[in-house]
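Asker: Given next are the chains, with one letter for each unit.
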Amino acid sequence: EPEVTQTPSHQVTQMGQEVILRCVPISNHLYFYWYRQILGQKVEFLVSFYNNEISEKSEIFDDQFSVERPDGSNFTLKIRSTKLEDSAMYFCASSEDGDFTDTQYFGPGTRLTVL
Amino acid sequence: AQKITQTQPGMFVQEKEAVTLDCTYDTSDPSYGLFWYKQPSSGEMIFLIYQGSYDQQNATEGRYSLNFQKARKSANLVISASQLGDSAMYFCAMREVSEGAQKLVFGQGTRLTINP
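Residue numbers (this note's numbering), protein chains in the order written: chain A, 1 to 115; chain B, 1 to 116.
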């Protein structure tokens with residue numbers, strides 16, 4: 001069964017450093033998403049991406065964040081200058097289309113720890 | 001106001017019993033989808049079941065069913081014949097057309113523990 005994959009599973013970085021989180025969405029899916037989950041809290045939407053551009057973003061997704069689809073398979077989230085409060089689990093998800101009926105399938109997550 | 005409310009922070013159930021996890025939602029949009037996800041201790045988010053606002057029948061997927069009461073704006077997850085492997089966090093989530101239909105909005109989750 002096709003699945004979303006994410007690398008690395010765990011990333012430790014120093015405050016102020018740049019990190020890139022990588023995702024490979026399900027191959028026939030057209031919409032891609034990033035969510036984050038701070039430890040013990042609910043999952044929060046960051047951004048959605050379609051046709052090589054951002055289609056929706058939350059207020060969390062400020063100028064420190066960017067997303068990119070550098071090739072036909074990868075989807076990345078970059079945090080330019082990490083802060084302590086960026087420590088969280090980051091989930092990539094994908095769906096076939098962007099309709100409200102369509103299921104988003106999540107990857108296993110990358111746990112980001114900012115020291 | 002919270003879009004998705006899960007009022008049970010934790011639940012403890014005996015193995016083989018059925019369990020109902022509560023979810024209420026808040027929307028004025030006639031077009032929306034409701035989703036349940038399971039998050040085991042390993043951390044991944046596993047899709048369980050979906051219910052659309054226009055669906056006439058309650059959704060079922062194996063041991064999972066959704067008790068959808070549109071007028072009450074509730075979408076409770078029912079797990080029949082619970083198993084030890086059902087111990088996990090369970091999240092209810094919603095997508096609305098009026099909000100662009102892109103994002104899932106999640107509730108705070110319910111931690112379910114199945115006792116042998």
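Worth flagging that the hints you see were computed from the coordinates, not collected in a lab.
Mixed in with the good hints, there may be bad ones.
[Unchecked claim] Distance condition first, Cα-Cα at most 27 Å in a straight line; then the derived BS3-like pairs of lysine-lysine:
hint : chain 1 : residue 1 : chain 2 : residue 2
1    : B       : Lys3      : A       : Lys42
2    : A       : Lys83     : A       : Lys57
3    : B       : Lys73     : B       : Lys3
4    : A       : Lys57     : B       : Lys3
5    : A       : Lys42     : B       : Lys73
6    : A       : Lys57     : A       : Lys42
7    : B       : Lys70     : B       : Lys3
8    : A       : Lys57     : B       : Lys16
9    : A       : Lys78     : A       : Lys42
10   : A       : Lys42     : A       : Lys83
[Claimed, not checked] Looking from chain A toward chain B, a few residues come up when the C-beta cut is under 10 Å (computed):
hint : residue
11   : Pro8
12   : Gly16
13   : Tyr31
14   : Tyr35
15   : Val47
16   : Gly98
17   : Phe100
18   : Thr103
Ideal placement from N, C-alpha and C gives every residue a C-beta, glycine not left out.
Asker: Each of the hints needs a verdict: does it hold here or not?
Answerer: These are the hints, each one checked on the structure:
Between the alpha carbons of B/Lys3 and A/Lys42 the distance comes to roughly 12 Å, so the proposed pair stays at or under 27 Å and holds. For a cut-off of 27 Å, the pair hint linking A/Lys83 to A/Lys57 stands: about 20 Å separates their Cα positions. The straight-line distance between the Cα atoms of B/Lys73 and B/Lys3 is roughly 11 Å, inside the 27 Å bound, and the hint therefore holds. Using a Cα cut-off of 27 Å, the hinted pair A/Lys57 and B/Lys3 holds, with the two alpha carbons roughly 17 Å apart.
Restraint check for A/Lys42 and B/Lys73: the C-alpha separation of about 20 Å stays at or below 27 Å, so the hint holds. Using a Cα cut-off of 27 Å, the hinted pair A/Lys57 and A/Lys42 holds, with the two alpha carbons roughly 17 Å apart. With a C-alpha separation of about 15 Å, the suggested pair B/Lys70 and B/Lys3 falls inside the 27 Å cut-off, and the hint holds. Distance check on the hinted pair: A/Lys57 and B/Lys16 sit about 42 Å apart at the alpha-carbon level, beyond 27 Å; violated.
Of the pairs offered as hints, the one joining A/Lys78 and A/Lys42 holds, with about 22 Å between alpha carbons and a cut-off of 27 Å not exceeded. For the suggested pair A/Lys42 and A/Lys83, the alpha carbons sit about 20 Å apart, so the restraint of at most 27 Å is met. Contact between A/Pro8 and chain B, as hinted, is not supported at the beta carbon level, the nearest pair being about 13 Å apart and thus beyond 10 Å. The restraint placing A/Gly16 at the interface with chain B is violated, with a minimum CB-CB distance near 26 Å, outside the 10 Å limit.
Satisfaction of the interface hint for A/Tyr31 is found here, the shortest Cβ-Cβ separation to chain B being roughly 7 Å, below the 10 Å cut-off. Taking 10 Å as the C-beta contact cut-off toward chain B, the hint placing A/Tyr35 at the interface holds, the least distance being around 7 Å. Against a cut-off of 10 Å between C-beta atoms, the interface hint on A/Val47 holds, since the closest Cβ of chain B lies about 9 Å away. Annotation: A/Gly98 was flagged as interfacial toward chain B, and the flag holds, the nearest CB pair being 6 Å apart, inside 10 Å.
Residue-level restraint check for A/Phe100 holds (minimum Cβ-Cβ distance to chain B is 4 Å; threshold 10 Å). Because the smallest distance between the Cβ of A/Thr103 and any Cβ of chain B comes to about 6 Å, under 10 Å, the interface hint for this residue holds.
Hints 8, 11 and 12 from the list above are not met by this structure, while the remaining hints are.
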